[in-house]
Amino acid sequence: MRPLRLIPPDTAFRFIALRKRAYVVSILLILASVASLAAQSLNFGIDFVGGTLIEVRTKGPADISAMRQTLSALDRGEVGLQEFGQPTDVLIRIQQQPGGDAAQQATVAAVKEALGDSVEEYRRVEVVGPKVGGELIEAGAISVALALLAIMAYIWFRFEWQFGVGAVLALAHDVITTVGVFSILQLEFNLSTVAAVLTIAGYSINDTVVVFDRVRENLRRYKTLPMTDLLNRSVNETLARTVMTSVTTLLALLSLFFLGGEVIRDFAFAMIWGVIIGTYSSVWIASATLLWMGVRPSATDELPDDAEVARTLGDR
Amino acid sequence: MLYFARWKIVVILAICLLGLVYASPNFWRSDNLGTNLPSWIPHKTVNLGLDLQGGAHLLIEVQTSAVLQERLEAVEDNVRRSLRDARIGYRGLGVRGSAVVFALREAGDAGRARQLVAERDGLVTVEIDDAGAARLQYPPEVVVDVESAAVEQTLEILRIRLNELGLREPTIQRHGADRIIVQLPGVDDPDAIKELLTQTAKLTFHLLDQRNADPAAAAPPGARWLKGTDSLGQVLDYLVEKRVRVSGERLVDAQQTFQDGQPVVSFRFDSVGARQFGRTTGEHVGRPLAIVLDNEVISAPRINEPILGGSGIISGSFTLTEAQNLALLLRAGALPAPLVYLEERTVGPGLGQDSIDAGKAASIIGMVAVLVFMVVVYGLFGVMANIALVFNMALIFGALSLLQATLTLPGIAGIVLTIGMAVDANVLIFERIREEARVGRGVIGAIDAGYDRALKTIIDANLTTLIAAALLFWFGSGPVKGFAVTLAIGILTSMFTAIWVARLMVVLWVRRRRPQMLPI
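In the order they appear, the protein sequences are chains A and B.
Read in order, the letters of the first sequence are residues 1 to 316 in this note's numbering.
Read in order, the letters of the second sequence are residues 1 to 520 in this note's numbering.
Calculated directly from the structure, the hints in this document are not laboratory data.
Given the structure is predicted, the values throughout are model-derived calculations rather than measurements.
It is possible that some hints are incorrect.
As the list claims (entries may be wrong) - Which residues of chain A face chain B? A few of them, derived with a C-beta cut under 10 angstroms, are:
no.	residue
1	Arg21
2	Val49
3	Arg93
4	Asp101
5	Ser118
6	Tyr122
7	Asp207
What the hints assert, rightly or not - EDC-like mimics (lysine to aspartate or glutamate), calculated; alpha carbons at most 16 angstroms apart, straight line:
no.	chain 1	residue 1	chain 2	residue 2
8	A	Lys112	B	Asp191
9	B	Lys360	A	Glu120
10	B	Lys227	B	Asp294
11	A	Lys112	B	Asp189
12	B	Lys456	A	Glu120
13	A	Lys131	B	Asp178
14	B	Lys242	B	Asp448
15	A	Lys112	B	Asp214
16	A	Lys59	A	Glu120
17	B	Lys202	B	Asp188
18	B	Lys202	B	Glu249
19	B	Lys202	B	Asp294
Said to hold, decoys possible - Reference listing, derived: stretches of chain A covered by chain B, where coverage requires no fewer than 3 residues with Cβ under 8 angstroms from a Cβ of chain B:
no.	segment
20	146-160
21	260-269
For every residue, glycine included, the Cβ atom is placed at its ideal position computed from N, Cα and C.
Looking at chain B on its own, in the form it has when it is part of the complex (with noise of 0.2 angstroms):
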């Protein structure tokens, strides 16, 4: 028992020292003293949780059935264009649920109508009965496949607009299915980025219809009513052909610039789209050419000669955010599907201190109260029992560094559970003595069978506890995690610094001072 290997000793010592260094960051983390430092030591701190630093966290669903409606209803567009094209006639075609249906007038068309919708889109499975009915429908794996693809599409376009909008490390990340969670450190009042985050930004430019007709009526063929503002601040009537002529897609560029004073956003084409916008603007000078922005009419410019350089500016009645922000969503582009938050957690900045300030008093007293009483009860082993201790805190906080693991408040309650908790090891293994000393073994025969008899007892206990941290961590969501994180980390430093460390410390003890009684 008394012999402890020299590499032992060393891994040991290496292992408490690296805990120091790695967990030393954290304590010049707010003044100055960390700058001056060579930049070998390590600078890694704790990630404090949303919770503990304030921001906003959160949940946004993709709202990806949309995203299949559109499909299906660009499916019977096809079909509706397709039939009449080849004079095949149909009737009752519509999208019903998650299929397309019609059916054939005569029956015998089945084979051409078939051929047609394959030639358009070979994804989309078609099934005709004898009697000519027909059911368009996408295989579960293509709905899968279209699903996420506009999950991930919204989460590139999502994190364009967060990066442009400068903020201090936005996080976004994809979550399950069709959940995507986007946490903002330091923003405590989201309102403004949550809308701006769940805006479509859908932009196209239509001609206006220029027939005669009653806004209150419903709109003639080929036309609808959008609303839209006019540059006195008066809600208009537009009547809008619904023939899109250019696009927002064919965007490559915006930006908020100035015309006559007044905040404006210059957009530029990319070839395809400089083509479309300049034949529209060629073929129909005079007219007025209504920019939408989510079925919104922005402004509705008359024509005044053909634009070629695929190039142009929208000027509505904007504010400089307005102008800015529309340029910012033009440029990450619009989004496939609608979204909508699940959830929301905000912390302000001061809740967040408070609850730093709470964390650091509950753990000071904490840890004072456990170690005057552990000195209190065990004498000398009660001191080596502590020594143990704050070695257990330096390696959670390195551990929790190195990891870069974020800290969240149920994560300091995992800690100062931890200080109470840890010392059990020890004081399983300090009784044990006791009793075998009672029994009347010698020294070093009482600590030698108390730390041996004591050990199994502790890896059970400690497994158990765990096990119930693993489960935690697989289950639980965001601070919650934090708990389990800090739980596991303090259980497995605890055991370590124990049946180690304490270990150490009493093996060189009774080396150097051969002590004939028990001081517990």
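Next comes chain A alone, as it looks inside the complex (with noise of 0.2 angstroms):
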């Protein structure tokens, strides 16, 4: 059998002449995160807000209306109720309850006392008290906080500290990006979202630096070329492979995201969002950056303007 090429050999796509249009693109997905986290927050689940999350199966389709009419009846604050996967399962979510850790846990007991005889088994029970709520928070944000840095920290080694700002910018510029789409979906922020948008980090920083790999070696080849075209050569060299990888990652994800059940599914769209965004951010924001960065002190380099790209892109 022949081998396929997915991309052909040779491309020369000048990706860094779009790379005005990637900056609004950019800019306006981080002004629309910002705005979103700003005016609606995160649907934080009951990992960092504290609260009691119940999963129910019950004999027969499950009758929504009726049962949150029963829940409402407790008086025990918002009660959010949701099918869940299929339509026999309901996902019970009831706010944190004011009176401490204890308070919480008799909200469990309420709800399974009213339920009765409904419900043909509890799926999962959570109960997450405010103070460990606080904590998980803390240890959230820290984390996050730790792996940008630790991240930045090996590039600048490896590389020149160009490198490091550019990768940290992708690395930003994703992470906001990835929160931004939890906060205007409104889908549930919780341990898992955490622990997926570490992974985008990862996914992204490896993206870049095959890029940054690539350029490095090419700035020692190449000691005339033009800083715009060594990019673009850098970017159209790697081409291949960050598709392929994106390809094998996603053909991975999207069996998850389908097969993998639901507790898994918001999990597995953070990831899905961070292969693609990832991707873009390699080309568009941690190359693009180092063009203004000066990496090379000699090079005095001409851009070209955006006509000659769409002739460029036309041609192809």
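Since each chain comes alone in its own frame, lean on the hints to assemble the complex.
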């Protein structure tokens, strides 16, 4: 069988010329993320804000409005009900109860009594008290911040400092927009999401490092090539790998998204978003940063204008 | 490049083989095949997390401040008694925050008071100012010791209680300064166990106070009102002497038995307890003796004759389970401090099995998709990368089994993600080989340069992900930790399989076939 070439050899897309448009897109994404975070915050799961989460399987299809009525009568504040995966499964979320950790525990008992015989199986009961929630937020924030710092330090150590800045800008871009997507779509933000964000950071940096490695190699090889051309060349040379790895990773993640079950779906979604945004940022954020950070002090680069870009892309 | 030292080949093959051997028990876990195998074959399997096998995870806080409070109240008692005995005037004695305070009537008594306190409790620090205002406190290191001892004691008591319940492999461990994690595999309705774990189980024997008093009014000095249920199930108010005649700490055994067909609890004291019990019952024949558990009167039988053997029976209106639980609690001893549940996560067996099935399906479909894709794109080299990927999976499961790591649902996600990302190293190498071939290198030159140049990139790229995994492990909790472990193991094994296993296959193929063209 003849091997298939997903990306033809010797591509010469002028990626870097598109950077201004990419900046606009990225700035819009970041603004939207920040605005959404400011306006509606995140839909924090009970891991972070405390509260009670109960997944029940009812006998026969669940009558959610009847359940809502039953549970509202308990007077435990906001009760969220949601069909979970199939008609018999319902996810019940009850907000943090005033009165400390003991009050959370009492809520579960009250719910179990109220639902009584209609429930076939309590599939999952999670109760998180106010104290733990606060600690988990702290640990999550620390781990994300430390990951960013450690990765920056590593890149700094292995490359010139300009690369470190580029990598971290790309990383921050990916983290902010991922959190932003969770805010805009109001997907539940919980401990697994933090794990997903950190993995996205790892993936994004992985991708960036591959491109940077090639840039460094080309910087040594083509000493007189204008920086723009050099960056374009580097991105093109690594394009086949970038696409291949993104595709295999996405294949695995799509499988997880569709088959991995309800509990893991938001995690898979975050990762899919992360693979896409991470690949994008390696080219247009990380590499483009190198251009104005001046990795090669002597380089006096001629930047092509956008008209030329359109022509080039048309030719291909 | 074509040279591969023989010992290297042996090591690579040995590691792969070990991976297969250690991973293999996981595949016959569910059937009977495993029982017929010789014992030298590894039989450890991956531990399934509670979210996969079902079970309850409880995070408990020991309210250690109560222990200190109790210590301070004891200090207050001692001070009152000592000062009174020594006829030293004082006023305003009480516990304020983390200190016992009082004021001497005569500031000149400061020296004697100081000495009296020190005789009773050498650990407490005493400050008395010129006006005679005294402040007694425990130094911070003593407080830490006291609280830590309380947590250790709680851990021990909970361990006994759990073990006696006959559960399947419960685990209990200390977590931080004042917390305890209890994991109960297979328990999907932990309510009863939760109640049993947090019950203080403080047992004391008191005489009933025989003065006439009105339950609605305050109890007379030296006594207090306690509620209790009599044999007819009626709730009564008992006037109980404050003085503890015998304490539950003196119990050495307690068992559930039957008396007149009713479930009761028999108990036995140690020698000190037996003496105290004998004296109390001997001097007060005819009076009711209240058996008090956690400030509630279980029963108050009349003392018919002195009980000198040091053993007795508690009869209340128990059900069989209540009697069994009471015996268990008395055997394990009383908790030194109240407990509060900070977090509870319970997964039923149904959801656990569904998660396993879904995880399996996602892994298999994801893997097949990646395998097919690799062959389509890289042909023969893709097949070699695929064989490396299969070994990679074996190594991951082998390592998880060997380390007895816990596989959680996010852990499965980590494995699926690894399947997708593991081929990255080979993709980097293969693309580099293609490139080198394009610029005119021969087969061997291209392969050689491809591996050589890609290696640096692979290490850089993987180390950064490894950093993220390490941080996840340190800061994550529970399931997230499981994810970090599988991710980190996946990164290491995928580097090994790409750089060594796949490369070995490529080299052996080139040596044997001496190809003139690269099939890539």
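Checked hints:
1. Arg21: Cβ of Arg21/A sits 27 angstroms from chain B, so the hint is violated.
2. Val49: violated, 13 angstroms
3. Arg93: violated, 14 angstroms
4. Asp101: holds, 5 angstroms
5. Ser118: Because about 16 angstroms separates Ser118/A from the closest Cβ in chain B, which is outside the 10 angstroms limit, the hint is violated.
6. Tyr122: holds, 6 angstroms
7. Asp207: holds, 8 angstroms
8. Lys112/A / Asp191/B: Roughly 11 angstroms between the alpha carbons, so the hint for Lys112/A and Asp191/B holds.
9. Lys360/B / Glu120/A: violated, 25 angstroms
10. Lys227/B / Asp294/B: holds, 11 angstroms
11. Lys112/A / Asp189/B: With Cα atoms ~11 angstroms apart, Lys112/A and Asp189/B stay inside 16 angstroms; holds.
12. Lys456/B / Glu120/A: violated, 56 angstroms
13. Lys131/A / Asp178/B: holds, 13 angstroms
14. Lys242/B / Asp448/B: violated, 88 angstroms
15. Lys112/A / Asp214/B: violated, 40 angstroms
16. Lys59/A / Glu120/A: Roughly 5 angstroms between the alpha carbons, so the hint for Lys59/A and Glu120/A holds.
17. Lys202/B / Asp188/B: violated, 29 angstroms
18. Lys202/B / Glu249/B: The given pair, whose Cα atoms are some 8 angstroms apart, holds under the 16 angstroms limit.
19. Lys202/B / Asp294/B: holds, 5 angstroms
20. 146-160: holds (count 7)
21. 260-269: holds (count 6)
The structure does not agree with the numbered hints 1, 2, 3, 5, 9, 12, 14, 15 and 17 stated previously, though it agrees with the rest.
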